[in-house]
Amino acid sequence: MSIIKNLIGGVAGAVALNILHETLKRFDHDAPRVDLVGEEGVNKTIKAAGGQPLSGDKLYAAALSGDLISNALYYSTIGLGKKKHLLARGAALGLAAGLGAVTLPEKIGLSDAPVTKTPRTTGMTVAYYLFGGLVTALTIKALRK
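Under the UniProt record's numbering, think of the first position of the sequence shown as 1, with each following residue one higher.
No lab work stands behind these hints, which were simulated from the structure alone.
Treat the hints loosely; a few may be bogus.
[To be verified] Straight-line Cα separation of at most 16 Å, EDC-like style, residue types lysine to aspartate or glutamate; simulated pairs:
1. LYS117 x GLU106
2. LYS117 x ASP30
3. LYS117 x ASP28
4. LYS44 x ASP112
5. LYS58 x ASP30
6. LYS44 x GLU106
7. LYS107 x GLU40
8. LYS58 x ASP28
9. LYS44 x ASP28
10. LYS117 x ASP35
[Unchecked claim] Ranges of calculated distance between the beta carbons of each label pair, as one might list FRET restraints:
11. PRO119 x GLY50: 38 to 44 Å
12. SER2 x GLY123: 29 to 35 Å
13. LYS145 x HIS29: 40 to 46 Å
14. ILE69 x ALA92: 20 to 26 Å
15. GLY50 x LEU99: 31 to 37 Å
Ideal Cβ placement from N, Cα and C applies to all residues, glycine included.
Construct the entire structure; sequences and hints are all you get.
What follows is the structure in structure tokens.
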């Protein structure tokens with residue numbers, strides 16, 4: 001049962017992260033555009049496999065789906081270990097994901113500009129993932145009661 005609770009928590013964190021991202025990108029000029037990094041990654045992968053790049057709604061859906069699945073699986077690992085350190089793990093793994101989101105794109109051949117455009121953009125990117133980690137930890141904690 002613990003695995004199911006961890007996965008539910010991971011999904012909650014991933015959904016919360018994406019709702020935050022999708023909402024703020026519509027209102028804030030400096031908001032991170034993690035979606036653009038994801039879309040670039042999807043098309044780079046498709047091209048490497050010999051396929052035709054996607055565009056429009058299909059590209060957006062593929063990137064969003066991949067983002068939700070990968071973040072949900074990653075965040076679900078917050079539930080591993082002792083209950084006592086659940087919130088600390090949520091914060092640590094969320095922070096690690098945020099730092100990865102701003103440092104890894106360039107290292108794997110993607111543009112980091114959508115997540116590092118300004119210092120504020122960079123900070124917001126890290127904060128989004130931290131938020132997702134904390135939502136996950138709190139969800140798992142609630143499910144375990």
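Hint-by-hint comparison with the structure:
| no. | hint | in the structure |
| --- | --- | --- |
| 1 | LYS117 x GLU106 | 13 Å, holds |
| 2 | LYS117 x ASP30 | 7 Å, holds |
| 3 | LYS117 x ASP28 | 13 Å, holds |
| 4 | LYS44 x ASP112 | 14 Å, holds |
| 5 | LYS58 x ASP30 | 25 Å, violated |
| 6 | LYS44 x GLU106 | 13 Å, holds |
| 7 | LYS107 x GLU40 | 14 Å, holds |
| 8 | LYS58 x ASP28 | 25 Å, violated |
| 9 | LYS44 x ASP28 | 28 Å, violated |
| 10 | LYS117 x ASP35 | 14 Å, holds |
| 11 | PRO119 x GLY50: 38 to 44 Å | 39 Å, holds |
| 12 | SER2 x GLY123: 29 to 35 Å | 34 Å, holds |
| 13 | LYS145 x HIS29: 40 to 46 Å | 41 Å, holds |
| 14 | ILE69 x ALA92: 20 to 26 Å | 22 Å, holds |
| 15 | GLY50 x LEU99: 31 to 37 Å | 33 Å, holds |
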